[in-house]
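Could you build all of it, start to finish, from the sequences and the hints given here?
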Amino acid sequence: MMISLNKETLKIVSEQDVVLFRQRLKEYASKIGMSLLNQTKLITASSELVRNILVYARQGEVIIEVVTDRLQTGVRVTFKDQGPGIADIPKAMQDGFSTNKSLGLGLPGAKRLVNYFDIQSTPGNGTTVTIIRWKR
Amino acid sequence: MANKTSEVLSKRKNDVLEAWIKNQIQDPTLREDLMSNDELHTQSDELLNSFIQAVRSGNYSDISTQEYYPVIEILNSLSITRAYAGFTPRETAVYVLSLKKAIVQVLQDELKADQNTLIEEIIRISDLLDSLSLVTLEAFIKGREEVILRQTSEINEISTPVIRVWEGILALPIIGTLDSERTQIIMENLLQEIVNTGSSIAILDISGVPTVDTLVAQHLIKTVNATRLMGAECIISGIRPEIAQTIVHLGIDLTGVQTKSSMASALRSAFTKQQMVVTKAKAKQ
Ligand SMILES: Nc1ncnc2c1ncn2[C@@H]1O[C@H](COP(=O)(O)OP(=O)(O)OP(=O)(O)O)[C@@H](O)[C@H]1O
Ligand SMILES: [Mg+2]
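Protein chains in written order, with the working numbering: chain A, 58 to 193; chain B, 802 to 1086.
Just so you know, these hints were derived from the structure itself, not from any lab. Treat the numbers as computed from the prediction; the structure is a model and nothing was measured. Just so you know, not all the hints are guaranteed correct.
[As the list claims (entries may be wrong)] Taking lysine to aspartate or glutamate and the EDC-like style, the derived pairs with C-alpha atoms no more than 16 angstroms apart in a straight line are:
hint, chain 1, residue 1, chain 2, residue 2
1, A, 83, B, 1043
2, A, 192, B, 946
3, A, 192, A, 118
[To be verified] Computed Cβ-Cβ distance ranges for the label pairs, DEER-style:
hint, chain 1, residue 1, chain 2, residue 2, range
4, A, 141, B, 853, 38 to 48 angstroms
5, B, 1069, A, 66, 44 to 54 angstroms
6, B, 1074, A, 180, 20 to 30 angstroms
7, A, 182, B, 1072, 16 to 26 angstroms
8, A, 192, B, 1072, 41 to 51 angstroms
9, A, 150, B, 1078, 20 to 30 angstroms
10, A, 129, B, 978, 25 to 35 angstroms
11, B, 978, A, 150, 47 to 57 angstroms
12, A, 72, B, 891, 30 to 40 angstroms
13, A, 77, B, 854, 27 to 37 angstroms
14, B, 886, A, 60, 36 to 46 angstroms
Just so it is clear, CB atoms sit at the ideal spot from N, CA and C, and this is done for glycine as well.
Structure representation (structure tokens):
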């Protein structure tokens, strides 16, 4: 069973919010003693997902949580938006797929950087991505 | 409703002005270092004139109407100037609030005999001046925001120095978040400096960049490509071990981009490319 120990919600509407969010996330990760490598992975993955919110949905919110399942402690981040949603998730998860003429590495790359990755999306309704990175 | 206040103000304008200026000077927060008494006098006179003009219309409640345009314009520019000059919000608000005090003093004097009218007029004029003081605060905050914006862009400029480390070699330490706007500035500075100095190698040091995600990577690649188009080479240095691993997991392809772990090793490779050797001087015997 997973328990959430500490929770904070941040609104994401502009580039400045991304900077602020990354700083907060770093605080959470270093407070629980996450290794520098894992911190960097968590923050980079989150940076991708929060950018997707800004680019595709213009705005949304993120929830940062310290979670534990009694065996290990980590940080869970939930990215929620009410944007256009993703019609074909498996396609969006492929390396190099982009509707934005970009690298198309955000989603698949983020998945490789974390221990848990879940994406829910309904076209027209929005997208929710949840990730967890354990302390070690 | 009779426009008693307007009458009184027109009649005793000079007394109001004098009392107002006295109030301002007496306020312990007045910054004589920031404004001379002469300036204060001219400014206050100008505002009072347009204020009296506005209340003559009999409108005391809606400051969004045409009568108040001149008043609001003066207040706006005054607050913004004060924000630039480093006044505090309090010092700025005191300006209008001390006018209220001056007007009330004169009204009390003129309407001594008619307490009811006095109270009515005081309430009306208070409400009006309160709205106007909110206008000054809003303008003040806008002024501060402009100052912050200006400073941000100045910081952007100065935080992206291009250093000429050696004949033909430029170095650019990047510190902080690398967003599109900053990349643009960095690129412009770098390309300009390549032209100015005729350099053929540029070292982009990213040890001070906290997060390298796909966006930052793309910005870096763009900068490297632009440098190439100018006929120069670009080395990216300061890739920390955890960043290197993260870039690999993300799947970013940096082949074709020269990378080095530290500024020192980038410099060494730049020297080699320029066919220069750095050796220790032999100790004299
Ligand atoms: N929050 C979202 N809302 C709607 N569509 C999204 C969202 N996130 C991703 N997508 C879609 O999934 C595609 C893949 O996203 P991904 O982040 O992997 O690549 P990208 O954003 O196109 O490029 P990169 O992140 O590498 O710059 C996007 O092009 C977009 O069509
Ligand atoms: Mg993306």
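Here is how each hint holds up against the structure:
1. Under the criterion of a C-alpha separation no larger than 16 angstroms, the hint pairing residue 83 of chain A with residue 1043 of chain B is consistent with the structure, at around 14 angstroms.
2. Note on residue 192 of chain A and residue 946 of chain B: the hinted pairing is violated, with a Cα-Cα distance of about 40 angstroms set against a maximum of 16 angstroms.
3. A hinted pair counts as satisfied when its Cα atoms are at most 16 angstroms apart, and residue 192 of chain A with residue 118 of chain A does not qualify at roughly 24 angstroms.
4. Distance hint for residue 141 of chain A and residue 853 of chain B: a CB-CB separation of about 57 angstroms, inconsistent with the stated range 38 to 48 angstroms.
5. Between residue 1069 of chain B and residue 66 of chain A the CB atoms are about 48 angstroms apart, so this pair conforms to the stated range of 44 to 54 angstroms.
6. In this structure the supplied range 20 to 30 angstroms is violated for residue 1074 of chain B paired with residue 180 of chain A, their Cβ-Cβ distance being about 52 angstroms.
7. Roughly 58 angstroms separates the CB atoms of residue 182 of chain A and residue 1072 of chain B, a value that falls outside the hinted 16 to 26 angstroms.
8. One distance hint, 41 to 51 angstroms for the beta-carbon pair residue 192 of chain A and residue 1072 of chain B, holds here, with the actual separation near 43 angstroms.
9. For residue 150 of chain A paired with residue 1078 of chain B, a C-beta distance near 51 angstroms fails the hint of 20 to 30 angstroms.
10. One distance hint, 25 to 35 angstroms for the beta-carbon pair residue 129 of chain A and residue 978 of chain B, holds here, with the actual separation near 31 angstroms.
11. A C-beta distance of roughly 27 angstroms is found between residue 978 of chain B and residue 150 of chain A, which places it outside the suggested range of 47 to 57 angstroms.
12. Under the hint 30 to 40 angstroms, the C-beta atoms of residue 72 of chain A and residue 891 of chain B, about 32 angstroms apart, fit the expected range.
13. Restraint check, residue 77 of chain A to residue 854 of chain B: a C-beta distance of roughly 47 angstroms breaks the suggested window 27 to 37 angstroms.
14. Checked against the hint of 36 to 46 angstroms, the C-beta distance between residue 886 of chain B and residue 60 of chain A comes to roughly 54 angstroms, which is inconsistent with it.
This entry does not satisfy hints 2, 3, 4, 6, 7, 9, 11, 13 and 14, going by the numbered hints stated previously.
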